[in-house]
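Residue numbers (our numbering), protein chains in the order written: chain A, 1 to 101; chain B, 1 to 389.
Any given hint could be a false lead.
Facing chain B, a subset of chain A residues (Cβ under 7 angstroms, in silico) [stated by the list, open to error]:
{"#": "1", "residue": "A29"}
{"#": "2", "residue": "R32"}
{"#": "3", "residue": "A45"}
Since the hints were derived computationally from the structure, they do not count as laboratory data. All C-beta atoms, glycine included, are put in the ideal place defined by N, C-alpha and C.
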Amino acid sequence: MTTQRRTTLAAVVLVVSPVLVIGGLGLDAHARRAAKERDAASIDALARRLPSSDLALSGGARWLRTVSLEEPGAAFADGPALPDPDPAGAAMAPPVEAWSR
Amino acid sequence: MRLSILAFALQALARRKARALALGGGLAFAVALVAAVIFLTESLRAEAERAHAAQPDIVVQKLVGGRPTTISAAEAAKLTDIPSVRAVTPRVWGYVFLPSLQGNVTIMGTPRGAPPLSLANGVLAEGRDVVPGAHEMIAGAELAHFLGMRPGDELGLPTGNPDAHALKLVGTFRSSLDLYTADLVICDDDDARALLALPAGDATDLSLSLANPAEARVVARTIGERIPGARVIERDLLARVYHLAYGRRAGFVLGAAIPALLALLVLAWDRASGVGPDERKEIAVLKAVGWSTSDVLWAKLFESLLVGASATALGLLLGYAWIFWLGAPGLRPALVGWSVLYPRAALTPAVDVAQLLGISLAVLGPFALLSVVPAWRAATTDPLETMRS
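Just chain A, with the same shape it has in the complex (with noise of 0.2 angstroms):
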């Protein structure tokens, strides 16, 4: 193959390139959920048993262990870009010791 041959099937593929990760990621996000797929009669089960199908993300004094329970005014008041009044996420976490105190 020639110098320039290389170089245009190079500037090919990578032009083409955000379709092959897109690809890629797309078969492997498929390979994932049908794996999580196998997980949807025991998550099924286990979610009757369950106070609401909120995620184990925060604890309870924040009132945002089940948020669509607990939250005042969830899932009424709510509105799109509202502020969190007591947000359990944000870019930096409180220090350790005013956390475990």
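Once you have looked at the hints, place chain B on chain A.
Chain B only, in chain A's frame:
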């Protein structure tokens, strides 16, 4: 001919390697950050929605002073004869603060007749379901691990009720269900009531199952009339909460990242839209040897496409790897909170191809177009004048 120009564009980029790498690297970082936040948010929302279908059609709470409080289980009798209501179940659940954990655990009672949990249905990693009246519990794998408990061990949870029994661990949940169970203790209703110091006859809320879920709105209105002041939560409306809750968190993170993203985009715009003296000279030489203005424009467009496309591809790949292959280090606490018991279960991608294409086009389109105008200006000037200057 176009392919030759494409190859020429790649060679031109190779001659200005440092600039192309700086530009592409900045753009790839911006794409990776935005894509990662979207990947993580969509994944969390999908996880919450996965368990959504098995939830009660309607949950009824009582409000006092605008805050949820316990509800008398006797209120259930007011709801059983509403058309379409199949069953009304008082539920007992709440939180207990564990000083050793410096956090709350969620206590969920098991009403009689609840569907069983077992190794066979894939919910438990070890052990069995609780036997009513035996003072037993099932705990999340993460919680059991934190407390150093094995099936057979007993735990006295701190409570203000001296009548509460210590509970014997008889099973743990599978770690792949951590996202729902990391802080969860399931015991029977009486034990949950004792631990939570809930008066006899009270429940945390009432759950209703309907014969026809499409009638939830009508049933909710009737409940409001029969139990004034009740807070009626319809299952279908909860999907909106998940969108809002996770969308808002993603908004905060992206909002915090806006200055960095803007700085990168301004830098990219400056680099992509400016044509330096060397490039002007190169364009003049191309025009002098017979390239048309159109050919020069194609070459410049291809240069932008090559940098933009490869940066977008790299950014998407980095964002995906960050979230799903590495477990979102750094970003996970910002989006999911600082819970003491972190669910360790791997996240499942929920983003679709259309969203990936959308991110790509949102980056590539403006980036490629930005480079055309300055290239047009340079390509339409007199080559001799450019070379002389």
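Hint by hint, here is what the structure shows:
| no. | hint | verdict |
| --- | --- | --- |
| 1 | A29 | 4 angstroms, holds |
| 2 | R32 | 5 angstroms, holds |
| 3 | A45 | 5 angstroms, holds |
Checked against the numbered hints listed earlier, the structure breaks none of them; every hint is satisfied.
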